[in-house]
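Chains as they are written, first to last, in numbering that gives the first Met the number 0: chain C, 0 to 105; chain Z, 0 to 355; chain A, 0 to 193; chain G, 0 to 647.
Simulated from the structure, these hints should not be mistaken for lab results.
Please note that the accuracy of each hint is not assured.
Here are the simulated lysine-lysine pairs, PhoX-like style, with alpha carbons at most 25 Å apart [to be verified]: (1) C:K93 to A:K29; (2) A:K187 to C:K92; (3) G:K212 to G:K170; (4) G:K580 to G:K595; (5) A:K29 to Z:K151; (6) G:K161 to C:K104; (7) G:K170 to G:K580; (8) Z:K151 to A:K186; (9) A:K186 to Z:K326; (10) C:K104 to C:K93; (11) Z:K326 to A:K29; (12) A:K187 to Z:K327; (13) G:K161 to G:K306; (14) A:K186 to Z:K327.
Pair by pair, the computed Cβ-Cβ distance ranges are [what the hints assert, rightly or not]: (15) A:V99 to Z:N149: 34 to 40 Å; (16) A:L27 to G:F616: 31 to 37 Å; (17) Z:G278 to C:S59: 48 to 54 Å; (18) Z:F17 to A:S171: 54 to 60 Å.
For the chain A half of the interface with chain Z, some residues (derived, Cβ under 8 Å), not all of them [stated by the list, open to error]: (19) N28; (20) V62; (21) G67; (22) V71; (23) F75; (24) M78; (25) Y163; (26) P166; (27) I172; (28) L174.
For clarity, every value in this text was computed on a predicted model and none was experimentally measured.
Cβ coordinates follow ideal geometry from the N, Cα and C atoms, glycine included.
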Amino acid sequence: MQTYISGIPLNYYLSLAGILFSIGVLGVLTRRNAVIIFMAVELMLNSVNLVFIAFSKVLSIINGEVIVFFVMAIAAAEAGVGLAIVIAIHRQKKTSNVDEINLLKW
Amino acid sequence: MDWMLILVWALKSALLFFIIITGCAYYTLAERVVAGFIQDRRGPNRAGPLGLFQPLADGIKFLTKEEVFPVNVNKAMYLIAPAISIVCAIMAWSIIPFGGTIPLPPVLANAVGFPTIDLQVANPNTGILFMFAISSLSVYGIILAGWSSNNKYSLMGGIRSTAQMISYELPLGLSVVIVILLSGSLKLTEINDAQKGLWFIFTLPGLIAFFIFSVAMFAETNRLPFDLAEAESELVVGFHTEYGAFKFALFFIAEYMNMITMSCVVSLLFFGGYNVPFGILEGSELQPLVGLAFFIGKVLFFAFLFMWVRWTLPRFRYDQLMVLGWKKLIPWCLFNIVLASTYVVYWGKYWKGIFN
Amino acid sequence: MLNLTEIQPILFMILSAVTVGSALLVVLNKNPVASAIFLVLTFFSLAGIYALMNAIFIATMQVLVYAGAIMVLVVFVLMLLNLREETHQEIWSNPTKKTVIVLIVIAYSFLLLVSLKATKDSDPTVITNITSPNYEYKLSDSAESKVTVTGNTAAVGASTFIDYLLPFEIISILLLVAVIGAVIIAKKDAVKKG
Amino acid sequence: MLEYFPLVVLLPLIGFLVNGIHYRKMPNTAAAIIGTSAVLIPFFITLGSLTAYHPMSNNAPHLFTLLPWIHAGAFQVDFAYQVDQLSLYMTLIITGIGSLIHIYSAGYMHGDGGFNRFFAYLNLFIFSMLNLVLADNLVLMFLGWEGVGVCSYLLIGFDYHKTSAANAGMKAFITNRIGDVGFAVGIILTYWYLGSVKYVDIMAAMPAAIPFKEIINYVALAFFIGAIGKSAQIPLYVWLPDAMAGPTPVSALIHAATMVTAGVFMIARLNPIFLAADITSNYIAITGAVTAFFAATIGLFQTDIKKVLAYSTVSQLGYMFLAMGVGAYEAGMFHLMTHAFFKALMFLGSGSVIHAMHHEQDMRNMGNLKGYMKITWITFMIGTLAISGIPPFSGFFSKDLILEKAFGHHGIGHVIWAIGLAGAFCTAFYMFRLVFLTFYGKERIDHHVKEHLHESPWTITLPLVILAIGAAGAGLIQMPHLFFGGTHFLTDYFKPIFAPGREIVEGAWKITAEPHHMSESTELILLVVSICVALTGIILSYFVFQIKQSVPPSDEGFKGFPKVVYNKYYVDEIYEATIIKPLIRMSDWLSASVDKALIDGLVVGVGKFFMHISEIFRKIQTGIVGDYALSIVIGTIAILVVLLYGGF
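This is chain C alone, in the form it adopts within the complex (with noise of 0.2 Å):
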């Protein structure tokens, strides 16, 4: 049994979100540049997004690609005050490797 959207079957945007969100979750762990690792999660947003939208089509109910525009939205919020944190603490550290900003813990 399969489900098409333009004539693509389901499961290939499915497949393709998966992908592009292990990418995010590759890129989260392993980079340390913290405006990396926010490009990183910004990809499994977007790839979250894919899935909203896919099932929106296949549902035939417009509300998720208006949940994907409010994504869009706190994206843009995020991005705004993340990157003011990352300067900040540039200006304070002269580093923005996250390693390097471990003041909390035990």
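On the provided structure of chain C, position chains Z, A and G as indicated by the hints.
Only chains Z, A and G this time, still in chain C's reference frame:
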């Protein structure tokens, strides 16, 4: 039939491409002639009659020059930057409607299989938003050029220019919101149709929006009085300091193309686009063609305005630029949005019928 | 209208290949600015996939917001920080840690794909369609107050302002707060003056 | 003019905001002008509204809403106001006397560091007071009620660097709080039993509620407890004498003319409830009478000029409650008005004296001031004659009306009348004692002070003169038959307010709710008796303080019964020993045993428990973000494995 449609699209695109490249070439010539006129001297007049072959000669010169790569540049980025600029500039054209639907002569109509043709390549229902999306990408061309050149003037110019474009995208977008409110649609064709009666420039919010838009327009295209990115006295020529030959030509063409795009957009958004005023020739087959003529006339006027302003006004200081953008234009835009909403809610039904 | 069903799978394959490839480059590239540019490319090709799915509004917003605004900000910050020298990654010099992490990620993606298969097998419903361009919305409970909108953009707009008005307002306030917060945090004298 | 009526409420608020926000920077003159006009303009608007409202013929109240406030189901409370005969009457008193006192304050507070703050507080007080009297529901009235309490606290403690003033403010606030609980309970009971807090609805619900006598008695009692606190009746009167620590204009405005009469106003406002509550009404009458007499006796031996006036205020308030208790609401409201005139006048007069004497308040250090301060002396004399009950001054008519109605009250009427008469005798005595000690007799003034002794500026004397005219003439609107056939303007004026309640009660119980009307001969006898009593008091006072020239001894010099009275019957000390000390001791015990040992022990114990646990687990917290992300991913993997292979 399907393939015929694709063929027509391809033909339209190719034709459009040819037209804008030529248009840009002659725009550069026009700029030099106008500059000459304003500075009370003669412009280029050697190549061909009235200097008409000058752009051609320039093009050949750019193409045949040696491609120089400065040491320590990031080559991939260095090459990609001008490409991004020109691609974005051309893509923005894909959604601009130059005229309404033109009926084809019967012979042609039988050959292609449909009776009419739109003077527009694509008409997505996000319309003007699409154009903004594309033009917001053109920032990458500039910032990458500045960064990859490995030159501090270039980097400074790139960062300045980026900050300027990000800042002025806000008033630009917010003043377009007025037009969207007044017309109730994002599609450029529908915005045009909404001005069949009254041009938006003749409504109060539209007037304010036009002034804000025209200021932001100069800033977005990096033209005087806002050409901080290439302020010669401070930054050599900014982000394309290290560029030469054809790569420079691409930046150059992209800049002029953006100006023509902006002229088209401002005519479409505020000055009635390709409508024929007062319903002259209504219903006639000639009307779309006359409308096209009107539209081109408006675009030419705004293209001239760009040159006129460039050779008349001095450059702003950087802090003045930012203060103008963030502290003056944006508050005015926000006020204007409230005004326009009130306008649409309370008087919308009256003004829509005027002159129609 | 034009029937594109035959070329759609091809387009999808090209776009997804570009997406995955550039996403990998985002993560593996040593140069932060190049990473950012590849991320833009990823977003752009994702926008293409959205457009392929007939979600034209989201595709436009993807380009406008992600590629045009967020990533410009990221590139801008990268240039401000001037991260050229900081490409050395400690993690890659530690082979055991590297292996562990790669193994974990592989396990993770494997599990994701397997779970996908599991859902596919248990999915009882079949809905095969390209969604119609018309959407219906109820303004209130009465039967007459239905709004029919045409086009993806109008549908998303109607849903946003009818079903999701409160979240929309909350998000606008969130954005305002984020703007103010970003300005305060990134202000130069904020630390000195307290 | 009625359409401008919202301004009456809003202007004092605006005045408060302007003065309050800019109090650091504003020039004093500007603050005075803003503050005064924020009360004076409402006064004129109210005057205009009074003519526009046609109070003598109009029965329906004029209602208007400024703002919505609380809408919770059936419970609807707005910032809504009710303009009728009663509220207009009160508004006129508040804004009229209020603006005079504002003018007076401009002179009296001149040179004070907190000048602007003072005017801001005064305006806030006027705003709250107007809310209290103009509200169309009990909740808004409660807001005003609390508001005036707050202003009273702020103004008593105006010189907050003085410990005595700050303590007096707190004492007033806390004592009032006891009463406010009663008021709040009253509101809740009213809503519970009558289904609304709007006066109009309460009025409409009364006929059905009348048979439930017991409940109505409790409701009325709850409200009366509120009135006891605010209007300084036994046993909660103790704060008012201490409140004299505030500036004199405050004493005149808040603690004599307006705020303390809020309880009386409240009873008049809720007259249907109180009419139907017969037992509570009797209790009110007895409380009023006892307070009137008790406070008057304390006044006999006080030496501080303001303290004497304070106890006289408590005593006069007792008369008003006496009237309210016997159902003679018109008489109570009449006395409220005349008292506002003459007591404000006397307070302001004493303020003028204090001002001239450089803040000397002890009468033992005064004497023979009449030569130095002519206007103050004459106006003060008028006020004293009025309070002592000498015709034709206003106090005579109102006090006499109260005593007459009390005499006519069935049951305990005669006893109350007798107590009231004794109080009247004391009043006449101690008021003339005050006059003789202050304005006549030997000069006992410090010679430093004497050099600067002079009449006060016009801002002080002008209000005195205007108030003196009022104190002299205000009684003419309601006179007994024996005076030129009598006038009954006030009874006619208040008919729309009090008549419906009386009709309801009369209809339900088949009795006359008004006190008995008595024959003209009885009336005449009562009049003569009360005039004779007053004259006796005056003559006795003349004999003691003018002929014998006796002066009160120093604080230690009091012996025997006078010593007890001079120390206010040791009421404060008794309260201290019986209520406050045990309370403090109990709180100490609770804090030590329950709070510190039990609750703190529990909380700290829980905290210690987790501290020990976290000692073990805190090593997980490496501070490196990558480790956290890794643990999240591992967790997700675990969840996925469980979901896929766990058989769910």
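Each hint, compared with the structure:
For the given pair, C:K93 sits about 19 Å from A:K29 by alpha-carbon distance, which is consistent with the 25 Å threshold. A C-alpha spacing of about 14 Å is found between A:K187 and C:K92, which places the hinted pair at or below 25 Å, so the restraint holds. Using a Cα cut-off of 25 Å, the hinted pair G:K212 and G:K170 is violated, with the two alpha carbons roughly 35 Å apart. A distance of roughly 21 Å separates the Cα atoms of G:K580 and G:K595; the hinted pair therefore holds under the 25 Å criterion.
As the CA atoms of A:K29 and Z:K151 are separated by approximately 22 Å, the hinted pair is consistent with the 25 Å bound. Among the hinted pairs, G:K161 with C:K104 is inconsistent with the structure: their alpha-carbon atoms are about 52 Å apart, more than 25 Å. At most 25 Å may separate the alpha-carbon atoms for a hinted pair to count; G:K170 and G:K580 meet this at roughly 15 Å. Between Z:K151 and A:K186 the alpha-carbon distance is near 24 Å, which keeps this suggested pair within the 25 Å criterion.
As the CA atoms of A:K186 and Z:K326 are separated by approximately 17 Å, the hinted pair is consistent with the 25 Å bound. Using a Cα cut-off of 25 Å, the hinted pair C:K104 and C:K93 holds, with the two alpha carbons roughly 20 Å apart. A C-alpha spacing of about 39 Å is found between Z:K326 and A:K29, which places the hinted pair above 25 Å, so the restraint is violated. For the hint pairing A:K187 with Z:K327, the CA-to-CA distance comes to about 23 Å; that is within 25 Å, so the pair holds.
The hinted pair formed by G:K161 and G:K306 meets the criterion: a straight-line CA distance of about 18 Å does not exceed 25 Å. Between A:K186 and Z:K327, the direct Cα distance comes to roughly 21 Å. Compliance with the 25 Å bound is thereby established for this hinted pair. Roughly 38 Å separates the CB atoms of A:V99 and Z:N149, a value that falls within the hinted 34 to 40 Å. Our hint of 31 to 37 Å for A:L27 and G:F616 holds, since their Cβ atoms are close to 36 Å apart.
For Z:G278 and C:S59, the Cβ-Cβ distance of about 42 Å falls outside the hinted range of 48 to 54 Å, so the restraint is violated. The given range of 54 to 60 Å is broken by Z:F17 and A:S171, whose C-beta atoms sit roughly 44 Å from each other. Given hint, A:N28 at the interface with chain Z, is violated; its Cβ is 11 Å from that chain's nearest Cβ, farther than 8 Å. Annotation: interface hint on A:V62 holds; nearest CB of chain Z at approximately 4 Å, less than 8 Å.
Because the beta carbon of A:G67 sits about 3 Å from the nearest beta carbon in chain Z, less than 8 Å, this interface hint is met. Evaluation of the A:V71 hint against chain Z yields a held restraint, the C-beta minimum of about 5 Å falling below 8 Å. About 6 Å separates the beta-carbon of A:F75 from the nearest beta-carbon of chain Z, less than 8 Å, and the hint is met. Because the closest C-beta pair between A:M78 and chain Z is about 6 Å apart, less than 8 Å, the hint holds.
Against a cut-off of 8 Å between C-beta atoms, the interface hint on A:Y163 is violated, since the closest Cβ of chain Z lies about 19 Å away. Hint on A:P166 is violated. Least Cβ distance to chain Z is approximately 21 Å, over the 8 Å limit. With a least beta-carbon distance of about 15 Å to chain Z, the hint placing A:I172 at the interface is violated under the 8 Å criterion. The closest approach between the C-beta of A:L174 and any C-beta of chain Z is roughly 13 Å, which is over the 8 Å cut-off, so the hint fails.
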